[in-house]
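Counting from 1, one number per residue, gives the positions in the sequence shown under our numbering.
Heads up, some of the hints might be wrong.
Stated by the list, open to error - Cβ-Cβ distance ranges computed for the label pairs, FRET-style:
hint: 1; residue 1: 41; residue 2: 87; range: 49 to 55 Å
hint: 2; residue 1: 100; residue 2: 51; range: 58 to 64 Å
hint: 3; residue 1: 26; residue 2: 46; range: 29 to 35 Å
hint: 4; residue 1: 5; residue 2: 61; range: 44 to 50 Å
hint: 5; residue 1: 100; residue 2: 5; range: 16 to 22 Å
hint: 6; residue 1: 44; residue 2: 100; range: 23 to 29 Å
hint: 7; residue 1: 26; residue 2: 48; range: 18 to 24 Å
hint: 8; residue 1: 94; residue 2: 69; range: 29 to 35 Å
hint: 9; residue 1: 54; residue 2: 93; range: 52 to 58 Å
None of these hints come from the bench; they were simulated from the model.
Note that CB positions come from ideal geometry on N, CA and C, so glycine has one too.
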Amino acid sequence: MATTAYMIKSFGVMSIGKFGAVLGLIWGFLSGLVLAIGFSGMGSMMGSAGFGIGAGIVGVIVMTVIGGIGGFVSGIIAAFIYNIILGAIGGIEMDLEPKV
Numbered sequence: 001m002a003t004t005a006y007m008i009k010s011f012g013v014m015s016i017g018k019f020g021a022v023l024g025l026i027w028g029f030l031s032g033l034v035l036a037i038g039f040s041g042m043g044s045m046m047g048s049a050g051f052g053i054g055a056g057i058v059g060v061i062v063m064t065v066i067g068g069i070g071g072f073v074s075g076i077i078a079a080f081i082y083n084i085i086l087g088a089i090g091g092i093e094m095d096l097e098p099k100v
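Kindly generate the complete structure, drawing on both the sequences and the hints.
See the structure below:
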């Protein structure tokens, strides 16, 4: 199989930001679930199961939102810095082969 060399010159800042937001949403939701389990257990141990469940639900929502925003912002910053570095060193070379 013949390979073709391609050069990555820059990344789309917004597309990397959106990708980071999706990863951040997933990570935030999963960490929010862990937080919710902890709050629910703590609330039931303290005799107020309703408070623990409510705090857990709020924790899931807040962590998901924070994860999405944080992933978006960090993706934009990373792509911006990466584009500056790629401009200085000339890009990343990749060898690709066609799909059969």
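Right, here's what the structure says about each hint:
1. Take residue 41 and residue 87: their Cβ atoms lie about 51 Å apart, and the range 49 to 55 Å holds.
2. Between residue 100 and residue 51 the Cβ separation comes to about 59 Å, which falls inside the hinted range of 58 to 64 Å.
3. A C-beta distance of roughly 31 Å is found between residue 26 and residue 46, which places it inside the suggested range of 29 to 35 Å.
4. Between residue 5 and residue 61 the Cβ separation comes to about 47 Å, which falls inside the hinted range of 44 to 50 Å.
5. Checking the proposed 16 to 22 Å range against residue 100 and residue 5 shows it holds: the Cβ atoms sit about 19 Å from each other.
6. The given range of 23 to 29 Å is broken by residue 44 and residue 100, whose C-beta atoms sit roughly 57 Å from each other.
7. In this structure, residue 26 and residue 48 break the distance hint of 18 to 24 Å, their C-beta atoms being roughly 30 Å apart.
8. Residue 94 and residue 69 have their C-beta atoms about 31 Å apart, which keeps the hinted 29 to 35 Å range intact.
9. The given range of 52 to 58 Å is respected by residue 54 and residue 93, whose C-beta atoms sit roughly 54 Å from each other.
This entry does not satisfy hints 6, 7, going by the numbered hints stated previously.
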